[in-house]
Amino acid sequence: MEILVCVKRVPDTSENEIQLNSSGTGIETDDLVYSINEPDNYAVEEALQIVSKVGGKVTVVTIGGEDDEEVLRREMAMGAHHGVLISDQAFSGSDGRSLAAILKAFVQKAHYDLILCGVQADDGAAQVGGMLAAMLDYPFASLVNSIEVADVEKLKVSREIEGGNKEIHEIDLPCVLSIQTGINEPRYVGMRGIRQVASVPIPTLGPADLDIDPRTVGKGAAKVGRVDYFIPAFGKGAEMLQGKREDIVDRLVELVAAKGGLN
Amino acid sequence: MPRIFTYIAHKAGVADDSAAELAAAAQKIDATESPIAILTGWGSDLDAACNSLRALYAEIWKVANESLAYPNAELVRQALVAVLPPGSVLLVPHDHFGLDLSPGLSIKTNSCFVSDVVDIEGLQGTALKVVRQEFGGQLSTHVRCDISSGAVITIRPGAFKPQESAPVVGRVADKSSEIGSLSARRRYLETVVAEAGDVDIAKQTVLVSVGRGIQEQGNVAIAQELADAMGAAVSCSRPVVDAKWMPKSRQVGTSGKTVKPKVYLACGISGAFQHLAGIKGNPFIVAINKNPKAPIFQVADVGIVADILEFLPELTNKIREVRAGKTTAAHAS
Amino acid sequence: MQFWLGQWKHPRYPTAGILHILIFAGFILLASRAFAVLVLGVTDNFVFPTFSGRLGHTYGIVRDYAATVVFLCMVIAATRRLVFRPARYAVPAKFGKAHTADAIFLLALIAILMLADSLFEASKAAANLQQQQPVEFLAVLSLPWMLKSALSSTPIPVLQNVHLGSYFLHEITFFFLLCYRPFGIQFHVETSLFSIYFSKLDREALKPVRWGVPDERIDEVKSLGVKTFEDFTWKHMLDFYSCADCGRCSDQCPANAVGRPLSPRFLTIKARDYVFRHYPVLGSATNSKPLIGELYSEDEIWSCTTCGACEQECPLLVEYIDKIVDLRRGMMDDGNVPQSIQKPLKALESRGNPYGKLGKKRADWTKSEEFRKACNVKIADGNGVNTLFFVDSITSYDDRIQSIGRATAKILDHFGENFGILGPEEKDSGHEVRRFGEETLFMALREHNVEAIQSCAVRIIVTADPHAYNALKHDYKDVPPVEHISQLISREVKAGKIKFNPIKNEMDVYTYHDPCYLGRHNHIYDEPRNVLDAVPGLKRVEMSRCRERSFCCGGGGLMLFYEPKEDQRIGVRRVQMAAEAGANVIVTACPFCMVNIEDAIKVAGMEGKMTAIDLAELVDQQIARDN
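Chains as they are written, first to last, in numbering that gives the first Met the number 0: chain A, 0 to 262; chain B, 0 to 332; chain C, 0 to 626.
Just to be clear, a hint being listed does not mean it is correct.
25 Å max Cα-Cα, derived DSS-like pairs, lysine-lysine [to be verified]: (1) K165(A) x K317(B); (2) K538(C) x K564(C); (3) K258(A) x K243(A); (4) K174(B) x K128(B); (5) K289(B) x K243(A); (6) K564(C) x K247(B); (7) K243(B) x K10(B); (8) K259(B) x K247(B); (9) K289(B) x K360(C); (10) K269(C) x K317(B); (11) K206(C) x K234(C); (12) K234(C) x K243(B); (13) K289(B) x K165(A); (14) K289(B) x K601(C); (15) K289(B) x K235(A); (16) K107(B) x K218(A); (17) K538(C) x K476(C).
If you are wondering where the hints come from, they were derived from the structure by calculation, not from laboratory data.
These numbers come from a predicted model, not from an experiment.
Build the full structure now, drawing on both the sequences and the hints.
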């Protein structure tokens, strides 16, 4: 099975407080560490597990610049067979729809049985997978937390819905799936693995290679765009308890008891 | 002015709470427009749901088809494409179904797409300005979208408060004949219900909830001790389940359980929306977190900046003292 | 020699130790006897060239007693196995059936040898006696002597048969045993000389990924670590054959004690059984399968805290830590790493510490107003600083442990040391990164730190972290000599340069917990004790497991992130030992021990009854300062 995984390089936010930059147009990037978008990593692991069972190859692709190559290399160190960087000035400032259009052009240059992406990235838009599927006219399923290869033509997938319940679907290949975290346990990729793929060539494709008219993508074509970043004015927010630890504990117990918190 | 539609989910003949929220959101896009509710489904459940909205919506479009009896986004999308006039704005709740349906729908209707909107500032010509959040809720952004050829917008559940409005008597229009035959290459098979754990957190009145701040599985015991002292149960956020420190049945959130306690202690939980969405009924929320900027402090009633690994045991001891004191006092009198 | 001939390690377990020493001595002494008996079958009255006369007779006496003692030892050993059943011989169900039958069989064979030999001598002597021929002198009260008395009135023809019979019995048993030797634990008799001779001398330096491949060429190695049995070095394979199945290693292993899947003894025995199965003497080798999953479970290998207690005990000097590290290298190479460890490893790669905190905040622990008044810590950057205080990650970032850093700085200040820290330039020493098998990441961290250390041109390094100490001393090259803070303080104490205030609460009973990487791995036992004993009024007791028998606290570095399956926390076991010794304050000299012990005190519900304090914190607290 030929599997394509669309990945994105994002800032690692879990340990850091994201700071607004001085002009309010973006975030402070000096101290940021970047890594692969977590759901995308789960998607690559899933793809690798599928091909280890049924044979085939995994290709990882990202749209970005030089810096984004490191994420492709990391996934190749994990086991992906090919990495492709789609990069050009013309693509910068693209909105979700343009990104999906670019990926569609790439997909149509080859053939993939299965296309995976992470359920969402740092901006929480959760859009590219669904859009790509619609553009290609492939069936789509989001929030996938389990994939079973039923036969060469279809998969059985499970979607994560509320309450921890799972919605089971049968979906025809070729299709697009967006992958939820927790679907598997991604393998470790160490420095050595990355060094070993350090010199593997990663082709860079531009609009000409993909037969894309630059006017249809990029900032000019975007219908949706960020105006600025801001920190919302704090509403009332919580009443912060201050002072000595013992006093805080006492006060808290009082409040909790008053609200019926002690059964 | 674009027609504004709201997609309303329903279950067992009852329309989802989001119906009122989406109506409120539609108001903010254009206060003069009366939004139209669209429901898809089949049979008497669909009819009942449509009727239940007549007090809220002036116009309700019913799209009935047997294949839509279970909401399969692939099929619903086709139906909506057939029925929606070009250039419409469709509002959908940002939940697992909205995620499944909307991005593809925006492509098929050739309209723009914005997801997880938490506020709407207004329309200027064909430029709609909305507010979204990024980085797990740590920052907000203003987003501008060009809705000249329509839009599909997913709305964060709970972000828009239902508005008081003049009561209406809506009429239900049956649009079922407009959709033609539906077929999709994704077929719904069944829903597997989550295993019931030992404790049903949805039924608890007091919850001690832990997040990443608990740091390791061994520390969950600290929360359990507090819960025991309070007569409560321990629940958690998604990262705790992903790390396999607690079973899925204890997860509060959009992909976990919805809880309605009286008191909710959020310990070491940052306050990402997906978690908070699982808390309903406006409980008394206490937030304890090392990070003074954690989004949880925005929604909590009371906040304490502290390391839960230190704070919780102290709290537990105090509660035990208090309860012991109460018992003795009770006996004494 | 000390270990092989001197049987140095044996008396650590007194009963078995003494038994074994006697058996061993007997074996050595009887070796030539066995040969002589063999030849006696061919030529009667054979004596070794120099063995006629006094020497021969003396040897005869020694031999008689030796045989007796060995025979008695066999009986005692068998009784121990069957009746007293020491715990360490037990085979947990998951590892197969008990080895008792094998053990008894072997003991019986040796006992038969002794008996047959004695009977052989005795029957001859009895016959000679009856026939008034010169009697070979038999040592009084030895086994042959007793048998001779028993046989003194047996008819000559019977004696002749007994003589012949016992001879054949002896020879058959002897040759059977000779052939049986390689197939069980008795092989250690032959291999022990080699396994001990070839055992690694410098235990603290980990085995390189591949002997003979320098670090710069590590990328050429196709596959890192041990994945199949064939990947083990010949010395490790020799170890598998040499193990005597005594169980002393597992008996001391802290992971084993709390029910983790690891048992060092069975690491070796399972490998030995594997090699018997797949590499028979006759027949071809069967295909090798991956070790992890087939022979060993992942948790078994991740459970090890590398404390070294097993290696410390083993009488045959079998190596364990290198094997565990090699197996981990194999798993790392395959990407087979628990998710709980992946996160800190990624953080180490991107930020130089396992907590994922900002590198530039690494020196923030020095910056509190209050602390700065007491002590101003410089950043060493080639500005003539003499001593580098290598802080390492946990002391830099952990809120509780930062106080150890501050105490150490104040102590250095008190002694007038011209010291500095690397500050944000410092990265994790990588000590556990290496022991968890991530050799490449370790080398990157080391390279970075060595460069930083060299560029600040210090003459000596001091640290309060035994893991950092061990890394800087053994894993790092081309850095100045390193010392642990306890050594520095001890020196100053001996030189009379430090005065301590008397301890405030005279009722407290202190006990010192030897950190594995300070004590067992680096033999620093006395210095911390000297320091404690120099504090007036400080009452100190020793736990029964102390010094090189200290019981690990649970492990440091990445071990703090691993989630083992265990019946009880290792730290809790240790804290109970402290309570049993009568102490209510545990002093330790390692930040990881501090974390584990304080945690264990809480988990064990002993808050209020037991506290822990670091040596540096205690010293800082007790120094008599003239201000």
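- Query: Given the hint that K564(C) pairs with K247(B), does the C-alpha gap stay at or below 25 Å?
  - Reply: The given pair, whose Cα atoms are some 20 Å apart, holds under the 25 Å limit.
- Item | Given hint K247(B) paired with K259(B) - CA-CA distance at most 25 Å | holds, 18 Å
- Item | Given hint K601(C) paired with K289(B) - CA-CA distance at most 25 Å | Judged against 25 Å, a Cα distance of about 21 Å means the pair holds.
- Query: Does K243(B) lie within 25 Å of K234(C) when you go C-alpha to C-alpha?
  - Reply: Roughly 40 Å separates the two Cα atoms, so the pair is violated.
- Message: Hint check: K289(B) vs K243(A), CA-CA at most 25 Å. Holds or violated?
- Response: Within the cut-off at roughly 16 Å; holds.
- Are the Cα positions of K206(C) and K234(C) separated by 25 Å at most? Between K206(C) and K234(C) the Cα gap is close to 12 Å, so the pair holds against 25 Å.
- Hinted pair K174(B) and K128(B), Cα distance within 25 Å: This hinted pair is violated, its Cα atoms lying about 31 Å apart.
- 25 Å Cα cutoff - pair K243(B), K10(B): violated, 32 Å
- Satisfaction of hint between K218(A) and K107(B), Cα-Cα up to 25 Å: holds, 22 Å
- Message: Between the alpha carbons of K165(A) and K317(B), is the straight-line distance 25 Å or under?
- Response: Answer violated: K165(A) to K317(B) is near 41 Å, above 25 Å.
- Task: Would you mind confirming whether the straight-line C-alpha gap from K538(C) to K564(C) stays at or under 25 Å?
- Result: This hinted pair is violated, its Cα atoms lying about 37 Å apart.
- Given the hint that K269(C) pairs with K317(B), does the C-alpha gap stay at or below 25 Å? violated, 52 Å
Against the hints set out earlier in the document, violations occur for numbers 1, 2, 4, 7, 10, 12, 13 and 17.
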